[in-house]
Amino acid sequence: MNITLTVNGQSIARDVEPNVLLADFLRDHLRLTGTHVGCDTTQCGCCIVHLDGKAVKSCTIFAVQADGSSVLTIEGLAAPDGTLHPVQAAFREHHGLQCGFCTPGMVMMGADIVRRIPGADEQTVRHELEGNICRCTGYQGIVEAIVDAASQGARS
Amino acid sequence: MGQFGIGQPVRRKEDVRLLTGKGRYTDDVHLEDQQWAVFVRSPHANAKILSIDTSAALESPGVTHVLTGADLRDGGVKPISADMNFTSREGKPMFKPERRIMPVDFARYMGEPLVLVLAESLEEAKAAAELVALDFEELPCVTATARAAEPDAPVIYSEHGSNVSVHWENRAPDEIDAIIAAAPHKVTVDLVNNRLIVAPMEPRCAVAAYDPADDRITLWSPTQGVRPAQASFAQLLGIPKEKLRVISDDVGGGFGIRSKRYPETAAVAFAARKTGRPVKWRGDRSETFVSDHHGRDQVNHCVMGLDANGRILALRLETIVNVGAYCGDNGPRLPIDGGGRIIPTGYDIEKFYFSVKPVYTNTVPTDTYRGAGRPEANYIMERLMDAAAQECGLTRDEIRRRNLIPLSKLPYRTQMNFVYDSGDFVGVMEETLKAADWDGFQARRAESEKRGLLRGIGIASFVEQAGGRPTEEMRVKLGADGAATVFAGTFSHGQGHETVYAQMVNDYLGVPFERIKFVQGDTDTTPPGGVGTFGSRSSMMGGVAVRRSCGQIILKGKRIAAHLMQANAEDVIFEEGLFRVGVSSVTIEEVARAAADPSKLPEGEKPGLDESNLFEREADLMNFPNGCHIVEVEVDPELGTVQIVKYTAVDDCGVVLNPLLVHGQVYGGVAQGIGQALTEDAVYDESGQLLTGSFMDYGMPRAHHFSHIEAHFDETQPCKTNEIGVKGAGEAGACGAPPAFVSAVCDALKPYGVKHIDMPLTPERVWRAIHSAKPRAA
Numbered sequence: 002m003n004i005t006l007t008v009n010g011q012s013i014a015r016d017v018e019p020n021v022l023l024a025d026f027l028r029d030h031l032r033l034t035g036t037h038v039g040c041d042t043t044q045c046g047c048c049i050v051h052l053d054g055k056a057v058k059s060c061t062i063f064a065v066q067a068d069g070s071s072v073l074t075i076e077g078l079a080a081p082d083g084t085l086h087p088v089q090a091a092f093r094e095h096h097g098l099q100c101g102f103c104t105p106g107m108v109m110m111g112a113d114i115v116r117r118i119p120g121a122d123e124q125t126v127r128h129e130l131e132g133n134i135c136r137c138t139g140y141q142g143i144v145e146a147i148v149d150a151a152s153q154g155a156r157s
Numbered sequence: 035m036g037q038f039g040i041g042q043p044v045r046r047k048e049d050v051r052l053l054t055g056k057g058r059y060t061d062d063v064h065l066e067d068q069q070w071a072v073f074v075r076s077p078h079a080n081a082k083i084l085s086i087d088t089s090a091a092l093e094s095p096g097v098t099h100v101l102t103g104a105d106l107r108d109g110g111v112k113p114i115s116a117d118m119n120f121t122s123r124e125g126k127p128m129f130k131p132e133r134r135i136m137p138v139d140f141a142r143y144m145g146e147p148l149v150l151v152l153a154e155s156l157e158e159a160k161a162a163a164e165l166v167a168l169d170f171e172e173l174p175c176v177t178a179t180a181r182a183a184e185p186d187a188p189v190i191y192s193e194h195g196s197n198v199s200v201h202w203e204n205r206a207p208d209e210i211d212a213i214i215a216a217a218p219h220k221v222t223v224d225l226v227n228n229r230l231i232v233a234p235m236e237p238r239c240a241v242a243a244y245d246p247a248d249d250r251i252t253l254w255s256p257t258q259g260v261r262p263a264q265a266s267f268a269q270l271l272g273i274p275k276e277k278l279r280v281i282s283d284d285v286g287g288g289f290g291i292r293s294k295r296y297p298e299t300a301a302v303a304f305a306a307r308k309t310g311r312p313v314k315w316r317g318d319r320s321e322t323f324v325s326d327h328h329g330r331d332q333v334n335h336c337v338m339g340l341d342a343n344g345r346i347l348a349l350r351l352e353t354i355v356n357v358g359a360y361c362g363d364n365g366p367r368l369p370i371d372g373g374g375r376i377i378p379t380g381y382d383i384e385k386f387y388f389s390v391k392p393v394y395t396n397t398v399p400t401d402t403y404r405g406a407g408r409p410e411a412n413y414i415m416e417r418l419m420d421a422a423a424q425e426c427g428l429t430r431d432e433i434r435r436r437n438l439i440p441l442s443k444l445p446y447r448t449q450m451n452f453v454y455d456s457g458d459f460v461g462v463m464e465e466t467l468k469a470a471d472w473d474g475f476q477a478r479r480a481e482s483e484k485r486g487l488l489r490g491i492g493i494a495s496f497v498e499q500a501g502g503r504p505t506e507e508m509r510v511k512l513g514a515d516g517a518a519t520v521f522a523g524t525f526s527h528g529q530g531h532e533t534v535y536a537q538m539v540n541d542y543l544g545v546p547f548e549r550i551k552f553v554q555g556d557t558d559t560t561p562p563g564g565v566g567t568f569g570s571r572s573s574m575m576g577g578v579a580v581r582r583s584c585g586q587i588i589l590k591g592k593r594i595a596a597h598l599m600q601a602n603a604e605d606v607i608f609e610e611g612l613f614r615v616g617v618s619s620v621t622i623e624e625v626a627r628a629a630a631d632p633s634k635l636p637e638g639e640k641p642g643l644d645e646s647n648l649f650e651r652e653a654d655l656m657n658f659p660n661g662c663h664i665v666e667v668e669v670d671p672e673l674g675t676v677q678i679v680k681y682t683a684v685d686d687c688g689v690v691l692n693p694l695l696v697h698g699q700v701y702g703g704v705a706q707g708i709g710q711a712l713t714e715d716a717v718y719d720e721s722g723q724l725l726t727g728s729f730m731d732y733g734m735p736r737a738h739h740f741s742h743i744e745a746h747f748d749e750t751q752p753c754k755t756n757e758i759g760v761k762g763a764g765e766a767g768a769c770g771a772p773p774a775f776v777s778a779v780c781d782a783l784k785p786y787g788v789k790h791i792d793m794p795l796t797p798e799r800v801w802r803a804i805h806s807a808k809p810r811a812a
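Residue numbers (the numbering used here), protein chains in the order written: chain W, 2 to 157; chain E, 35 to 812.
Calculated directly from the structure, the hints in this document are not laboratory data.
Only a predicted model underlies this, so the values are computations on that prediction, with no experimental measurement involved.
Ideal placement from N, C-alpha and C gives every residue a C-beta, glycine not left out.
Any given hint could be a false lead.
Which residues of chain W face chain E? A few of them, derived with a C-beta cut under 10 Å, are [stated by the list, open to error]:
| hint | residue |
| --- | --- |
| 1 | Val8 |
| 2 | Ile62 |
| 3 | Phe63 |
| 4 | Ser71 |
| 5 | Ile75 |
| 6 | Asp82 |
| 7 | Cys103 |
| 8 | His128 |
| 9 | Gln141 |
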C-alpha cells in the first residue's frame, strides 16, 4: 500500500505491506533507530512516538494507519538548532536515564504528560507512567525530571 | 578539582546522544546483504530428539540456509563448559552436563535453540521456521528447586543418577549442631529466594559478518565487556581470538546476564562464516524470557542458636540452588564462592556450617543477576535477625546492634576468609535509624490506622563484596592538541563511565572535561587486558587503572617538561595541569604538543603521551560496600495490597566519585530488590512451560510501585584496599531492599501473628496471610 505521512516535519511517501508495524516502519524502513522496541505485548513503552500530537505505542499500530498523519519521533523532538526539549533537558539534569534504551519512549511520554497536565505532581506522573518500564533508574530521576518539566510548563 | 572533578554531581556526557535518538544499539546495526535469523526452539522441557527435518523449510520462499546442531558440531563448534570445579567434603567432583550449542540428541529446557533458519527477510525466516519438522519423545521433567533434590524426583541426567551436581560443605556440621542444640535461644527460618527474569530493556540480539580476506568474523552483540566475549566465543567457534572482533556499542542494560555466553550468539557468528553472508538475529521479548539466563532461585533452611543476651553462638545454613538445565558460567558458584561467600554478612559469627546443593532442572540456566549471591546471602541473614529479635524479645535494631561487627574489630577476617578493611556497620545503622525517624514510627502507624491501613517498618543491614575479577587494563592518551582519550577495558552499559573517567582525568591531569574522549566496546581498540563491567568493579578496577595511567603520564610529562625548562625531572612538580620548577612552568597541553615532536624530547624518550596500566589486585582484596535500608509500607487488609510510603537508605560506597551517578546506582538496585520482593516471580508449571512468559504475565515493577527514595552516603570509611578509596555501588540496593521490605510487611501484619511471607509479596499472598492467620486481637 502507498502511504504518505510527515515524519519529524519531513514528508515521506512509501509503499509498505499492510502488516508492517509503525515501529518497524520507522526503524527498518526509515532507519530512524531512536525509537526502540522492548517487548511484543505493548507493555514497555520504549516505542512511544507522537502521532498527530498524541503519545502512541508505535508497536501497536500499523504503518498504514499513520497514512496522512504527522509523526514525531525522539530524533525530531529537540529544536533544529539542537536545543533540547524541556523534558530532554530535565532528564539530563535529574539523571533520568542510565542505559538509554527506555529513554526515547520515556521522553516522548514525558513530553505528552507535560503538554496535557501542566504542573503534574509526583503521584500523577507515577500513575501516568503505567505504560513505561525502566529497569535501570528505579524511576526516581525520570519522575523528578517530568515533574520538573511539568512545573516549567505550568509557570510559562 | 573544580566543578568537573572527583566528587562533583557532573551531568553525563553520554546523555545528549541518548536523549536525541543517537544511541547505537546492536539492533540498530544494519548490514547490506544481511540474512535474518530465526531460531526454532524446543517446545518441551525434557525430550529426546528423534528427528529434525529441515527440507520443507529449505524450500520456503526467501530461505537461504537452515542449520542444525549437527552442522555446528561438524563445523568445529565446541560445547559450552563452565570453568568451575567444586567437590564434596569426601572429594567427589561436581557433575557438569555437556551443553551443546543447538543439541541434536536431547532438549533440556523449553526454549532451548535447536535449529537456525536464515532468510532474506525476517518475515520469511519466521514463516520457514514454522516448517521445520521436529519429532520428540517427551521425557518426565522437573522444574521446582526443592523437588529436584528429592530422591524420587525424575533424574535429568541418568549418567549422573541424581539432579544434585555436588553437595558442597564448608566443614563438618557436628560441632555447630551441638552448639545450637545447647543454645538458650534457637530460631529456624525456611526461605524461598524467588526466581527472577532479569529483562534488561534491550532484548538480546546479535549481528555477525565474515570477511574472507582477513578470515575474520565481526560480531556485534550486547555484552558487559568485549575482551571476555572475544576469548570465550572464539574458543567456542574453535578459532584464534584474533579472528574474532567483538563490538558492543550502546547496551540497553546488563545486570550480570549480559556477561555470560549464550548459544544463540555463537550460532549467529558461526552462520556468518559458514554462509559467507552477514547474519542478523533480533531476539524478541518472548524469546528473551525463555532463553536469557534467569536469576536467584534458591531455597534456604537456616538455623541459628543465640545466648541469653541475644548474641549469636552458631549458624547452620543449607541452600539448594536451581541452576537450570546446564551449568552456567557462574550458576552453581553464586551461593558458594561467589556472592554466598559474604555470609554471615556484617555479623560477628565464628561458628557456622554452610551447605550448598546446586540442582539441575528442566529450566533455562540461572546465572549472575545484580548481586549474584549477595542479595540471597543478605536475605538469609536479615530474615534470621528478625526472627531472632522476636525469639529473644529484643527490638530489630537492638538484635543487630548486639551482633554487628563493631568498628573496633576491623580489619576483620570472616570465616569465609574475606578481610573487611573498612565499614562502620553499627554507625551506618544508627545514622539510618535517625534519618528514617525510626523512633517516631508509632505515631505514623497510628495515623495510618485511622485510615484503615496497617503500617509497618522494616530494616536491613547488609554487607556485600565488590571488585570481581582481579585484573583490569585502562589506557589514557594525550594527543598533540592536549585532548585526552580514555580507552576503557571496563564496559559502561548505563553506569556513566564516559563521565566518571573524564572527571578523574580532569582531576588528575587538569585536561578540560569537555576535551576528554571515551572509547570502549571494540576489541580493535579495547586494551588487551580489558575485562569489563560486572560485580560493581569498574570504580575500583577501572578507576585505579585510570589513576595509575595518569600517574605514568605525569612521570613521563615531568621528564619532557624538565627537558623543555632545562631542569631536572626530579625537581618538577605537577599540579592542576601545570609542570612547575621554581617560577617556570609549562602546561600539560604544551608538554603534550612537545611529546609529539621528537625534536623536543630528551634523548631516548619515545614520542607520545600514551600510557596503559594493567591493574592487578590480589584476588581476595575486594571491597565491601555496606549499608542500612529502612522501608515503611502501608498494607490494605481488605485487598492485601502493599504500598511503599517511605524509603530511607544510607550506603557506604567509600569515596563517592559522582553522587548523581552513585545515587542512580542505589535507586536502580533498590528498584530491582523491591521488584523481587513485591512483584516479580518466574514461574514454570509442572510440565516445564514458562507461565510468566511476557511483561503481561511477569510483574515488572512500575513507577507507581515506588515512593521517593531518600538516599544518603556515609563517606567516613573510605576503602583501604585501593588508592582511590572507592567501594562498589551497583548491587547494594538489591541486597538491602528485599529483606527491609519483607521485614516491613511482616511488621505491619504483626497483629495477625504473621512472621514471614515468601517473596514476592503479591496482594494475593498478603491477603491469604492475613486471612489464614489468627483473628486480630480485639
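Now for the hints, and whether the structure bears them out:
For the restraint placing Val8/W at the interface with chain E, the shortest Cβ-Cβ distance is roughly 12 Å, beyond the 10 Å limit, so the hint is violated. Interface hint at Ile62/W: violated, since its Cβ lies 18 Å from the closest Cβ of chain E, which is beyond the 10 Å cut-off. At a threshold of 10 Å, the smallest CB-CB gap from Phe63/W to chain E is about 14 Å, leaving the interface hint violated. Interface restraint check: Ser71/W against chain E, minimum CB-CB distance 17 Å, threshold 10 Å, status violated.
With 10 Å as the threshold, the beta carbon of Ile75/W comes within range of chain E, its nearest partner Cβ sitting at about 4 Å, so the hint holds. The closest approach between the C-beta of Asp82/W and any C-beta of chain E is roughly 13 Å, which is over the 10 Å cut-off, so the hint fails. Look at Cys103/W: its Cβ gets to within about 5 Å of chain E, closer than 10 Å, so that hint holds up. Look at His128/W: its Cβ gets to within about 6 Å of chain E, closer than 10 Å, so that hint holds up.
For Gln141/W, the interface hint holds, since its Cβ comes within 10 Å of a Cβ in chain E; the closest pair sits about 5 Å apart.
Consistency note: the structure conflicts with the earlier hints numbered 1, 2, 3, 4 and 6.
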